[in-house]
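Q: Residues per chain, in single letters:
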Amino acid sequence: MDLSLLTELQATQPVVVNYANFVTPNFVANGLNALGASPIMTQEATETEDLLRIASALVINLGTINQQHEPLVWALCQSAAKANKPIILDPVAAGATAYRLMTALRLLKEFPIAIIRGNSGEIAALAGVDWQAKGIDAGEGAGDLANIAKTCAQKYHCTVVLSGETDYIATEDNVTLVLNNTTLLPAVVGSGDLLSSIIGAFSGITDNYDEAAQIGCGVLACAGEITSENVGDNATGTFSIRLLDTLSRLTPDKIKKILKTR
Amino acid sequence: MDLSLLTELQATQPVVVNYANFVTPNFVANGLNALGASPIMTQEATETEDLLRIASALVINLGTINQQHEPLVWALCQSAAKANKPIILDPVAAGATAYRLMTALRLLKEFPIAIIRGNSGEIAALAGVDWQAKGIDAGEGAGDLANIAKTCAQKYHCTVVLSGETDYIATEDNVTLVLNNTTLLPAVVGSGDLLSSIIGAFSGITDNYDEAAQIGCGVLACAGEITSENVGDNATGTFSIRLLDTLSRLTPDKIKKILKTR
Amino acid sequence: MDLSLLTELQATQPVVVNYANFVTPNFVANGLNALGASPIMTQEATETEDLLRIASALVINLGTINQQHEPLVWALCQSAAKANKPIILDPVAAGATAYRLMTALRLLKEFPIAIIRGNSGEIAALAGVDWQAKGIDAGEGAGDLANIAKTCAQKYHCTVVLSGETDYIATEDNVTLVLNNTTLLPAVVGSGDLLSSIIGAFSGITDNYDEAAQIGCGVLACAGEITSENVGDNATGTFSIRLLDTLSRLTPDKIKKILKTR
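Protein chains in written order, with my numbering: chain D, 1 to 262; chain Z, 1 to 262; chain H, 1 to 262.
Any given hint might turn out to be false.
The list cannot tell twin chains apart, which means a pair is met if one copy fits it or any two copies do.
Calculated cross-link-like contacts (lysine to any residue; reagent style SDA-like; alpha-carbon spacing at most 20 Å) [what the hints assert, rightly or not]:
{"no.": "1", "residue 1": "Lys155", "residue 2": "Gln68"}
{"no.": "2", "residue 1": "Lys260", "residue 2": "Gly164"}
{"no.": "3", "residue 1": "Lys254", "residue 2": "Asp233"}
{"no.": "4", "residue 1": "Lys82", "residue 2": "Ala98"}
{"no.": "5", "residue 1": "Lys257", "residue 2": "Gln13"}
{"no.": "6", "residue 1": "Lys155", "residue 2": "Gly95"}
{"no.": "7", "residue 1": "Lys257", "residue 2": "Asn147"}
{"no.": "8", "residue 1": "Lys254", "residue 2": "Asn234"}
{"no.": "9", "residue 1": "Lys256", "residue 2": "Pro186"}
{"no.": "10", "residue 1": "Lys82", "residue 2": "Ala96"}
{"no.": "11", "residue 1": "Lys254", "residue 2": "Leu179"}
{"no.": "12", "residue 1": "Lys82", "residue 2": "Arg106"}
{"no.": "13", "residue 1": "Lys150", "residue 2": "Val231"}
{"no.": "14", "residue 1": "Lys82", "residue 2": "Gln154"}
Rather than coming from a laboratory, the hints here were simulated on the basis of the structure.
Next comes chain D alone, as it looks inside the complex (with noise of 0.2 Å):
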């Protein structure tokens, strides 16, 4: 993992559009802002190639995407393909909506997708991998979710993030895997939006989407460990707050103090 873009990023703060859900974009603008790279979120579909021509990157979150915003979406990717700025995908509940799903296909198929970011449910759902019925679990099987990732990554030509206790960064022919975790982190809402968020901030710095995604998941899974020491047993709102401390804080030396990779 490539730790000086950590300290790339703090320096040339990079402009992150975000196409954000109504559910945490404050969690997720003060998080990118903490880290140092600059949030911007938008619902005009005409001023997306303003706001691409100043941005680094931009992120797509699903998570409450509908029908009368799906211009807006449309005019984002194509003002980010025109100016040639990476496109992070993240499919919230691709698996638990058939409108989701659907949506997220059309975005994989008209547009050049950098990186998708999704938990186990999602990316099987993308992958086409029926992942209730077999029942796997992110504690478990390993393996599985490692080839889910991977095959991902096959059928779409791109860089997938399948996060949870461990995190898969897949490309078509190789899987690396995060392992710092902390339980607090998912029990945080918008912890997997600020993971995509983040990891489009990298994806501005580098033309290398696999280098981007692993430092978006060593950043967010080692700040996670680091906040989790100074908080108590369940104390989720405390360690929401202080993660944008961390995260405010975070150095490449204390990354590579506890990271743990694979």
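Based on the hints, put chains Z and H in the right spot on chain D.
A: Frame of chain D, contents of chains Z and H only:
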């Protein structure tokens, strides 16, 4: 009050679909999550059947309802009714604008609402009581507030929660009072929204909506009291975060020790 | 600066209607609440008259303005003008996209805006000053920033707040500086939005919009300074929460002790 429902909720993690206002969705989702429930928000009318199939309850919050969202809200309620899942209505500011009152009344007429949760002004507006003119105040006119809640329950044939310094849980022929409280809870924007969604979560695990409403009120009022013990005067920000910690650690025993009902 | 306005605000709790962006409404609402004002958000054009009747001021924040919301924003401004309530305009990113600049200019042309609050880039864009090209920086070109604020005030015949490390409050013929600050405040997403709404709350209790803008800036800058004393370096998450605590406990005396103006 059946405190075993808390243990059951933590074990079964019911999915609660929320039509949320755009001001407090993050606080409500984190609060539900901390308690042990699984929040989902949506803004797309064509995915409501998929969501209500996996959900245990639907909460409709009118905090930022608008005409553009009416098809979504109606689709959610239709899907809930079809799937036989309880609907909780939070008529935010029904006493303040004609549009919100009319929308609440239309929903109450067209759908089998299980529980209404509002403050005194909102419940009075639905009950058709001229609350402002009578100068009733949550601090004083306790008897009157109980009557307003019961009148509302009788009018709409459902359980009604009139929440405030004291919470009044009314069925058509009975009113239960939860007397626990703290001045810090109403100072947090969205504490009422969270109460409605917590009640919704409990209504997803018992058909006794009176019980669901009672324990919902007991859980939040007691969590508020517990949290306020360790927080300085008027520390509304710190309180809001530590409340999530308390909810994450709540047990029937902790509630039992301090619960005051009548 | 008339610090008695803080006491009056806490006593009268003015209702502030906010057309908020979807990223920071919770932070803004909690901040207004903590200060002692009563926030209301809406997304429905037919209830604007009902709301502006009970409101003391209207704040229009362009953070996620879009064409679908224009009828709502126009209805809000018409209702405010009709009810003779001050309108505060926050032209978020007016310097970044043509759509936002055009929308801000249309609002300034059609409605009697009382106060504009923006950062240097936004106010320069409205003033018609080529701010970027001149390379002005909030840290250095203090004289220039004061001129930009005054130029903007003269152009639109209203009070203008150009906020940053130093806040410049300009009328057509005078500029007041609030020199208090902390590096933590700008690191919190929505601190500018909150400043606009706090100024809005004060404009609801005095016809002297210059005074309203001054005390609004004084309140937030001093609350920021007070909060930063007890918060570690770069602890942006903890700062954002404790800022709400500070606002809940603020008094004219606490401000008086540290206020630095010119």
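Q: Take the hints in turn and mark each one as holding or not.
A: Status of each hint after checking the structure:
1. Lys155 with Gln68: So lysine 155 and glutamine 68 fail the 20 Å test inside a copy (29 Å) and across (37 Å) alike.
2. Lys260 with Gly164: within (14 Å within a copy, 41 Å between copies)
3. Lys254 with Asp233: between (23 Å within a copy, 16 Å between copies)
4. Lys82 with Ala98: Between copies only: 18 Å across chains, 29 Å inside a chain, cut-off 20 Å.
5. Lys257 with Gln13: Neither. Shortest intra-copy (24 Å) and inter-copy (36 Å) distances fail the 20 Å Cα cut-off.
6. Lys155 with Gly95: Close inside one copy (17 Å), not across copies (41 Å); limit 20 Å.
7. Lys257 with Asn147: For lysine 257 and asparagine 147, the Cα distance exceeds 20 Å both inside one copy (29 Å) and across copies (50 Å).
8. Lys254 with Asn234: between (24 Å within a copy, 16 Å between copies)
9. Lys256 with Pro186: neither (22 Å within a copy, 29 Å between copies)
10. Lys82 with Ala96: For lysine 82 and alanine 96, only the inter-copy Cα distance (18 Å) is at most 20 Å; the intra-copy one is 32 Å.
11. Lys254 with Leu179: Within. Shortest intra-copy distance 16 Å satisfies the 20 Å Cα cut-off; inter-copy 35 Å does not.
12. Lys82 with Arg106: within (18 Å within a copy, 30 Å between copies)
13. Lys150 with Val231: Neither way: lysine 150 and valine 231 sit 35 Å apart in one copy and 44 Å across, limit 20 Å.
14. Lys82 with Gln154: Answer is neither: 24 Å inside a copy and 40 Å across each miss the 20 Å cutoff.
Of the numbered hints given earlier, the model fails hints 1, 5, 7, 9, 13 and 14; all others are met.
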